[in-house]
Amino acid sequence: MRRLTGGVAKKKKPSAKAVEFQLPIICDADTLRSLVRKKAVRVVDVRKADDYTNEHIPTAVSLPLARILENDAPDKVVEILCELGISDRMPVVVYDDTFGALAARVAWTFQYVGHANTALLEMTFKQWKELGMETEKRPNKYPRASHSLAVNSNIHADAKYVESAKSEPGKLLVDSRERLNFLTEHIPGAKNIPYTMVGANGSILRRAEELKRMIENRGIQNDSEIITYCGSVGTLSGLTYYALKLAGFQNVKLYPKSFKEWKSLGKPKEEFKDANYWDLSAE
Amino acid sequence: MKKSKVTSVSPPKPNPKWGREEETEIFAKRVKLFRQGKISEDDFRRFRLQHGAYGSRLHMDYSMVRIKFPAGEITADQLDKIASLSESFSIGSAHVSTRQNIQLHWVQLEDVSEVMRGLVEVGLTTRESCGNSVRNVMCSHFSGVCPNEVFDATPYSKAIARFFMRNPMCQNLPRKFKINFSCCDQHGLVKVADIGLVPAVKTSEDGQTIRGFKIYLGGGLGAASFIGHLLEEFTPEDRMLSTCMATVRLFDRHGNRENMARNRMRYLVHEMGWEKFQKMALKERSIVEMTTSYSTARMFDVKAEEDTRQLPKATRIAKLPMLNESVTKDSPAFERWLHTNVVAQRQEGYFTLFITLGAGDITASQLRVLASAIRDYSAEGVARNTPHQNFAVRYVRGTELRDFYEKLASVGLANPGALTIASAVGCSGTTSCNLAITNSHRLAKEVQRRFLELGLDTDDLLRDSTVKISGCPNSCGQHEIATVGFFGGATRMNNSMTPTYTMLFAGSAGEQGQLGKVVTRVPAKRVVDTVLKIIEIYRQEKSGNETMHQWITAVAKGKATGTIKDLEDMKGALAQVIQLPSPEQDPDAYMDYGSDSRFIAKTARGECAA
Ligand code: SF4
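Chain order of the listed sequences is A and B. Residue numbers for the first sequence follow the numbering used here, beginning at 1 and rising by one. Residue numbers for the second sequence follow the numbering used here, beginning at 284 and rising by one.
Next comes chain A alone, as it looks inside the complex (with noise of 0.2 Å):
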């Protein structure tokens, strides 16, 4: 088993009462597994309706990402937690069918609104199935909870933060689209990690060690001040987001309106025309 310690949760409190599991950044199947059995997490399902309908890991819930892209304010994510049966501190693991690029922008937006406890399954659905593991078709809903607003601002970017984060040593602005992309135009003094170099095979993040090298190879200093953005919503960005969360950096944000506010912003953009790079790409 990988990956059990670190993460963004607080260290467990004992308490009275039944102790809430504090999930790591990355949760892996048999943990989540022994959870379901437990009935002590809520799993949240971002791919489509008609997917959850279909087939969906046992116990989980549907939210898919659109909800939350035109519910955006933190107080709807708090209502939508709530509808949901969420609680203050509920253990919270998000899955998708999309490299997981599409739960990392959900669960970062419960962490952003205060939920935590809330963790990226190591796995998209896909490969839970691939591994045979249990699904179920009945849809669930859960008596409806309460959950209190704490916005985390310290992982979130907007365009105004970026403008004057680039030129502030010690902060890093990393765009996470793919190189063509990204050097066909990106925001200035952007540093290119595509989101294509923090998954694996059969895991939607490289292990912690793994990124670490590969961010200490490119001389980041571990004590930076990342901000990550993408090209639209701030999917794959959320996915980069984690990774560098994986790797041990402690203070990232995310630009969740990213490159397409940017521009539609009239703001300064780095272009590079002196290559025909495109005519490199077989499709």
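No lab work stands behind these hints, which were simulated from the structure alone. Virtual Cβ for every residue (Gly too), placed ideally from N, Cα, C. Just to be clear, a hint being listed does not mean it is correct.
As the list claims (entries may be wrong) - In silico DSBU-like links for lysine-lysine, alpha-carbon gap of 35 Å or less:
#1 A:K269 - A:K166
#2 B:K321 - A:K273
#3 A:K166 - B:K885
What the hints assert, rightly or not - Per label pair, the in silico range of CB-to-CB distance:
#4 B:H537 - A:E209: 46 to 54 Å
#5 A:K76 - B:E305: 52 to 60 Å
#6 A:E209 - B:S578: 38 to 46 Å
Stated by the list, open to error - According to the in silico footprint, chain B covers these stretches of chain A (three or more CB under 8 Å from chain B):
#7 110–118
#8 151–158
#9 187–197
#10 274–281
Given chain A's structure and the hints, the job is docking chain B with the ligand onto it.
What follows is chain B with the ligand alone, placed relative to chain A:
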């Protein structure tokens, strides 16, 4: 390692262990030191090239990582690994070069060590694939299956590759050094390499058959190209190593270290005169033979490189299944592919098939399907990449060609034309190379697309013709050994800078290989039409069954018998196609492929991508 579906496929090839883990760590460290300003740019460049990473076009934060495949051999596991490395660190596709390398473009310098690490896992290396070293040792992709060969040169080429790789004697040559093996006198690039070797046999006085080679020295393509010279009638196999060592040593000692533009060995041979060089080479060989220690000589181990697996026998098929109507009448596309992409092997019932790529480009998902097809259908379990920027998959049973084809077709890998004029070669050009003037890469793909659309691959008389395109005079696209070759330049036309190509006629490969002759200059956007016009003229002019290559060769020699007799006539006949209207009337004609702005020739210091 994944298992093959077909039970009669042989056990997988052992890991060839070209790569070394420690080199990846050293590379990562050096990059950090360089970034911290603790190593000079020149020192770092030398180190980087030695380890197979070129600077990318006008952007030194990125590298082109060149992976070596001695003899072109590549296993299914290696293909899978390259697929995932290209997704993680490159642009999601890989690129077959003209020297049996595979290149990953636009890799961030800081990620190169990660790419190397992945390669080491599957036995591959980038070591000495660039820089002033012995580059990838090539061997004909037909070696071992060629009906004309006297023996399989593959183990010899791999043994030589292993002997020179990391060998202290060739870590700082005056310039790069290329060794090519062929299977027979038809295939292979033996006359355009520093050392070219053609397998040969001789009967000794006591009636024994001795293996050996015909060795050519001092050939090569580039801004100035030369054809290699035959060292001696026959070099027995036990003198092959000493001959190669002697040649490398001579080059090391006498090669020009001052003038970057004239420091390949072919210049040395040219300046010294062949006779003198030949004498020196033979003398040096005697010295090498007298002074080489037993332990050094033992590092050259042909036996160790032999493929000792027993490949299963295939059922005999007299003809390709295309001739059997019941198999193919339902699929003209399959029939066309069989005709232009499949050849019979020396081994009964087995066939070699070719994967048509566009200028060598292949996506990660295509690589994975190819890997799985090789596992399922190649009894040998490997592919070879070819100097035509395609893959050859060998030891496929005639009975399984259809299944193989269907599998390829499912991911767009079943284009016809691999063995025909439609399979145009194009170097990287302005897509990634610092020295490039034009987008030769895209142009080659355009040529292929148009030719396939027009069905030119189905005309057998065009089959022996080739089109090869380089983005500058440096010849990575091997334009000088093409029937119709092109190299990129910039020309002022109608007062406007225009991307153009110099067109050459009648170059050829093989043991009789000749260099092409310059015909005229053609604007980039007129190249496709110009070649089509040449084909049209050829069709009017040809006599009997004369192939296009034969006809073009006759024209280049001034010996054609129709209305077009020589290159001057040819130029006249093409004048109209080549002409451009004014830039105002047709601005696009003055732009290069892949660009929508005015053409400017931009280049930077070359690290020579050749
Ligand atoms: S150096 Fe010239 S011929 Fe070689 S890859 Fe670059 S553009 Fe092509």
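| task | Please flag the earlier hints that this structure goes against, numbers listed from lowest up. | result | 7, 8
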